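Two chains, two frames, some hints: make the complex.
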Amino acid sequence: MSRAAQGLRAWLLQRLSAVYLALYILIMPALMFNRDLSGYAAWRAWFGQPSTGVASAIFALALLLHAWVGMRDVLIDYVRIVWLRLTLLALFALLLLGSLIWVLRALLLAALPAGS
Amino acid sequence: MKFSIYRFDPDKDAKPYMQDYELDDGLLKSGMMLLDALLLLKARDESLSFRRSCQEGVCGSDGMNINGRNGLACITRLSELNQPVVIRPLPGMPVIRDLVVDLEQFYRQYRNAKPFLINEDPVPEVERLQSPQQREQLDGLYECILCACCSTACPSFWWNPDKFLGPAALLQSWRFLADSRDQATEERLTNLEGPFRLFRCHTIMNCVEVCPKGLNPTRAIGRIKELMVKRSL
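Read top to bottom, the protein sequences are chains A and B. Quick note: the first sequence, position 64, residue 64 per my numbering, numbers continuous. The number in my numbering is simply the position in the second sequence, starting from 1, with 116 added.
Bound-form chain B, shown alone (with noise of 0.2 Å):
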């Protein structure tokens, strides 16, 4: 099978380059994953570097750009992938050593959508409880691994990193603001206000199309719209 993946040692390469691989048919079992590959491939060339841990779409660390599409290689299968193999960084995001990108802008942002429980009642003797159905309103919102294979698929979040929050700190935007809990709705939307933070999103909907947890930031932000319009009424 046949590989070809981005390169980049700010230490010894003035540019980067695309370095191409080949394994053996023999070594590939059936239901193998990228990462099993990258893994085998890291074997032969230990300078080869990407970033991994739970090996199971748990974690969120082998988010990069297969064959043109963000994803997670540790479930991505082998057999839906046609060769060679185009293995790059997640786009848009400067790169500190081949897959290994500094995503420092897209963890700022997340700071930003302050991704924690504001709630200024006394601490209960208990949890603070929710009915089911407003457990419900968390469902497809919770579930994000800041992967970042949305953030670094969207356009919006290419041409302005800086201000604008991008999908996947927008889903936690809304996931608090959907929170029966929470009470600094209109904190919040205040913090989203003007043209970029929330406003950047044109519906191109990449975040949607990439999540590897088949998440839907879209609507997350379609629902902060509406939230938005109901407040200014």
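The following block holds chain A by itself, in its conformation from the complex (with noise of 0.2 Å):
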């Protein structure tokens, strides 16, 4: 990675993440709001849209690339020992990568037809 991606990039990339994540945060709730979501089937047909489906993958990906920039910054700042903040980057890095693999799974699953 560049000089500049790691520095205005990454910072960029955290404010515009932070963006997605405000207007999901207030969009989301307020389409929710007056709809029946009691019950399994419904939470799954409501998550199969693929909108919904799409805008929610987008905001994982989102908060997840928001949350690394974070503990990147935090990794930087509080941990001096090179291999040390390395070795915590790199668990970090995977623990993302699988969060977000987990809840692109959940997503396409509830995308298929119910029973498949």
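Bear in mind the hints are in silico, worked out from the structure with no lab data behind them. Every value quoted in this text rests on a predicted model; they were computed, and no experiment measured them. Hints should not be assumed to be uniformly reliable.
Simulated restraints, written as ranges between beta carbons of each label pair [stated by the list, open to error]:
1. 25/A / 127/B: 58 to 64 Å
2. 92/A / 146/B: 53 to 59 Å
3. 184/B / 75/A: 26 to 32 Å
4. 274/B / 71/A: 17 to 23 Å
5. 19/A / 125/B: 51 to 57 Å
6. 307/B / 31/A: 43 to 49 Å
7. 82/A / 196/B: 43 to 49 Å
8. 71/A / 125/B: 38 to 44 Å
Using N, Cα and C, we set each Cβ at its ideal position, and we do this for glycine too.
In structure tokens form, the structure reads like this:
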């Protein structure tokens, strides 16, 4: 990664993802407010819709990128031992990547026809 | 009036300690500044060390941590301080003696910001002129007296004083980026790239809170980021 990417791009990524997170957190509950979403089937149908599914997938991606930049900042500030910092960064990257795969899998399963 | 002052003489003391002092209220006049009280205390105990020069908030020598807040002793009113007045050296800097700290790290970052005009044009017969509007861009930037109150109040500077430029140096960076006569914008911005030099700033704003001249390094840092975004587009 270039030096520019480590500084400005990470910072921009954090800001832009924050905007998306804020919009999603405001709009999603508003959209869900007037719907009958009681029960598993209703939830699954709601998140199985392409629009909500894609919006939620982007939300998960934005959340994880946001968390990555934030966590990286904390580790750069406080962990001075380079090998320890790199190990923690790698562990956190794995955790985030795992979370992303898990969320995307859940969303994909919701989008498939029920029972499959 | 009661004082509790950080004392450390590396030749004699194994570790720093706080020493209590008391000044007769009869000695204190209204409108007296903390520096006046320190000078009275020094007259009594001449081993007490601190820096001072102009005594009117212009030179920036007597930056210290006063009741937990960085400030200049010469423009801090005694009447506004809670007792005992706890005085410590500027945080995070190596202590040379008592309230005197080694600011080499701070000056190194200042030098890193190249705090001078870079202009490759031939030197004109007269001054390099600016319009009043161009000159206005430097207000709130050129007034910095390098007292180090801001940078030594900045947690990001505490953690990475060798890599993060700190609010004072970044204010100067913006002071020259904002100068219509400067031609080194590209070079200056490139120098600030990477995760450390500029981007360790997390807008904590301690710098704005403590600046004795009322300057706003956080805004200057924000303007640098804006310029970087514009450049990258």
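| task | Take a look at whether the Cβ-Cβ distance between residue 82/A and residue 196/B falls inside 43 to 49 Å. | result | Check passed, 45 Å falls within 43 to 49 Å.
| message | Can you tell me whether the CB distance of residue 184/B to residue 75/A sits inside 26 to 32 Å? | response | Holds - the Cβ-Cβ distance for residue 184/B and residue 75/A, about 28 Å, lies within 26 to 32 Å.
| task | Mind checking the hinted window 38 to 44 Å against the Cβ distance between residue 71/A and residue 125/B? | result | 43 Å, holds
| Range hint 58 to 64 Å: satisfied by the CB atoms of residue 25/A and residue 127/B? | Given about 60 Å between the Cβ atoms, the range holds.
| query | For the pair residue 92/A and residue 146/B, does the Cβ-Cβ distance stay inside 53 to 59 Å? | reply | 58 Å, holds
| query | Does 43 to 49 Å hold as the CB distance between residue 307/B and residue 31/A, or does it fail? | reply | The hint (43 to 49 Å, Cβ to Cβ) holds, given that residue 307/B and residue 31/A are roughly 47 Å apart.
| Cβ distance range 51 to 57 Å for residue 19/A and residue 125/B, holds or violated | 54 Å, holds
| task | Look at the Cβ atoms of residue 274/B and residue 71/A and judge whether their distance stays inside 17 to 23 Å. | result | 20 Å, holds
Figure legend: structure checked against the earlier numbered hints; every hint is met.
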